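Mind docking chain B on chain L? Use the hints.
There are 2 protein chains.
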Amino acid sequence: MMSPELADVQEARDRIADSVHQTPVMRSQHLDAHTGAELFFKCEHLQKAGAFKARGATNAVLSLEESEDVAGVATHSSGNHGAALAMAATIRGLPAYIVMPANASAVKKSAVAAYGGEIIECESTLAAREAMLASVLERTGAVVVHPYNDPRVIAGQGTAALELMEQAPDLDVIVVPVGGGGLLAGTALAVKGLNPRIEVVAVEPEGADDAFRSFGLGSLQAQTNPNTIADGLRASLGELNFEIIRKHVDTIITVPDAAIVDAMKLHWTRMKQVVEPSGAVGLAGVLEHPERFRGRRVGVVVSGGNVDIDHLPW
Amino acid sequence: MMSPELADVQEARDRIADSVHQTPVMRSQHLDAHTGAELFFKCEHLQKAGAFKARGATNAVLSLEESEDVAGVATHSSGNHGAALAMAATIRGLPAYIVMPANASAVKKSAVAAYGGEIIECESTLAAREAMLASVLERTGAVVVHPYNDPRVIAGQGTAALELMEQAPDLDVIVVPVGGGGLLAGTALAVKGLNPRIEVVAVEPEGADDAFRSFGLGSLQAQTNPNTIADGLRASLGELNFEIIRKHVDTIITVPDAAIVDAMKLHWTRMKQVVEPSGAVGLAGVLEHPERFRGRRVGVVVSGGNVDIDHLPW
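So the sequences go chain by chain: L and B. The first sequence begins at 1 in UniProt numbering and counts up one residue at a time. The second sequence begins at 1 in UniProt numbering and counts up one residue at a time.
Possibly wrong hints are sitting among the right ones.
Stated by the list, open to error - Below, simulated SDA-like cross-link-like pairs (lysine to any residue); rule was C-alpha separation at most 25 Å, straight line:
| no. | chain 1 | residue 1 | chain 2 | residue 2 |
| --- | --- | --- | --- | --- |
| 1 | B | Lys265 | L | Ile309 |
| 2 | L | Lys247 | L | Pro169 |
| 3 | L | Lys265 | B | Trp314 |
| 4 | L | Lys265 | B | His21 |
| 5 | B | Lys265 | L | Val25 |
| 6 | L | Lys265 | B | Asn103 |
| 7 | L | Lys265 | B | Lys265 |
What the hints assert, rightly or not - Some chain B residues near chain L, calculated using beta-carbon distances under 8 Å:
| no. | residue |
| --- | --- |
| 8 | Leu46 |
| 9 | Pro169 |
| 10 | Gln273 |
| 11 | Arg292 |
| 12 | Arg296 |
| 13 | Gly305 |
These are computed hints drawn from the structure, not numbers from a lab. Model, not experiment: these values are computed from the prediction. We put the beta carbon where it would ideally sit given N, CA and C, even for glycine.
Chain L with its partners taken away, still in its complex shape (with noise of 0.2 Å):
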């Protein structure tokens, strides 16, 4: 696999314009209040399908060759990289099967089925994942479009800093969720590549934090048995967004599940916006570890708003 660069996200951010939405940046006078910081939110869960999922898949099947035959996009998912690509496969008229965990949210495959995916339960272990991948594509002949091991998904998920840049100019730093690295590895080539000056913070749920452990120890750990509210942050760093992170991005923080409640309840209350555990994660960090952001014009990347509303963490 060829390892995307800032040229592959430019060219990504094209390839999508017409399919994904340029989100907003929000402020808030309270929450800046608050962490003595100029906060700076990009509204990613405003985006299509609830997520910044939406800019990996659509650049994945966008970048699929018009002349090639292709038989539908395949993937394992946890939720929202599944409603993304199903998404994203209509804009090509393809059928789209997305290996879904059995605990998978109800929102999120309900949310897949609503794109028209096909979704295929399995085990919730990644080598449970992996095999029922692998006899889908098999039966099917469908594409793997991975959720972040894939350098047209990262790049396409870099997207979004892109716009935050512009958006927001003059950042210090820009703060990202981390889970299997995709949104945090197209990030870190979108800022490194156009200004180095800009520190880029990882936040990782203490559950769940493969990448603050690979990042400390330079070599990839695997995720086993994680455990958080964040469901979108459980996977496993992907080798290939591993080698773009040890390589971009500044440094690691982990935050406890607690302060994701916190951080997910402040973004409802005072800022009305509706966003997922996974979401909020950012603004947790921010919260956990306000001394490293005093001061600063701070990017916050709000992943995702994808959550069941019938049962909520509180």
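Below, chain B without anything else, positioned relative to chain L:
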């Protein structure tokens, strides 16, 4: 009391411009497809203090003569106007005395307190509120700013519609919730003053339908024992409000609480916006009376977002 006119709304806009937000207008592809209309949501849940009430309260406070020796401002309110008046009072450095029914929501009480307002609790009947307010005025010498039956408040509330007509040109109809009638009267003045071709449709909960009855009968009917989830719309229509509404509003429709909850959930899940029950009443009207709106460009005022997220109505 002088009845306000379009010019008062326009002056209010200039007066409050530096003190309140010009809120954004949001679209939703899903809700457009669902209703067959083009919907333009005026996001007053993103207004300061979380509701359009900031406009009227700020206009009232800033209309007090600078030279006047004002001892403070006071009102009775189930919540959003109280928080808005407490917020507006801080602009002039005035104390704010807010009479609230003991059963007002915790989140609305804490908003008043957060702006430094002094809360005085009373029974939830209109008579009890007015008696308590009278005693507060006697004790403090404060100036009363009624939540809706006040020309300065009506003019202030109308500024949201002035913005909406610029942000979403060529609307066919503007849909507004009605409780005491401040927002509706102000909107009607703004809309009919500038472009009488635009239809003004008010939406009211079935369980607090005094505006609907008053409008139909041509004389002001009191609201006794309101029974609706939309706690911001339980008040009785004001006299001044009714005079403006009967002159300038095209129609009033009612919606059951079930439709309000459905609309609220759509705001949350599809638009990722935290909207309170009263704030979702406009969309509820569109959903309940689809034939009235299909194929038209519809402005919908989303009036507030102050929900107690620990106690959701589902």
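- Return the numbers of the hints above that this structure violates; sort them in rising order. 9, 11 and 12
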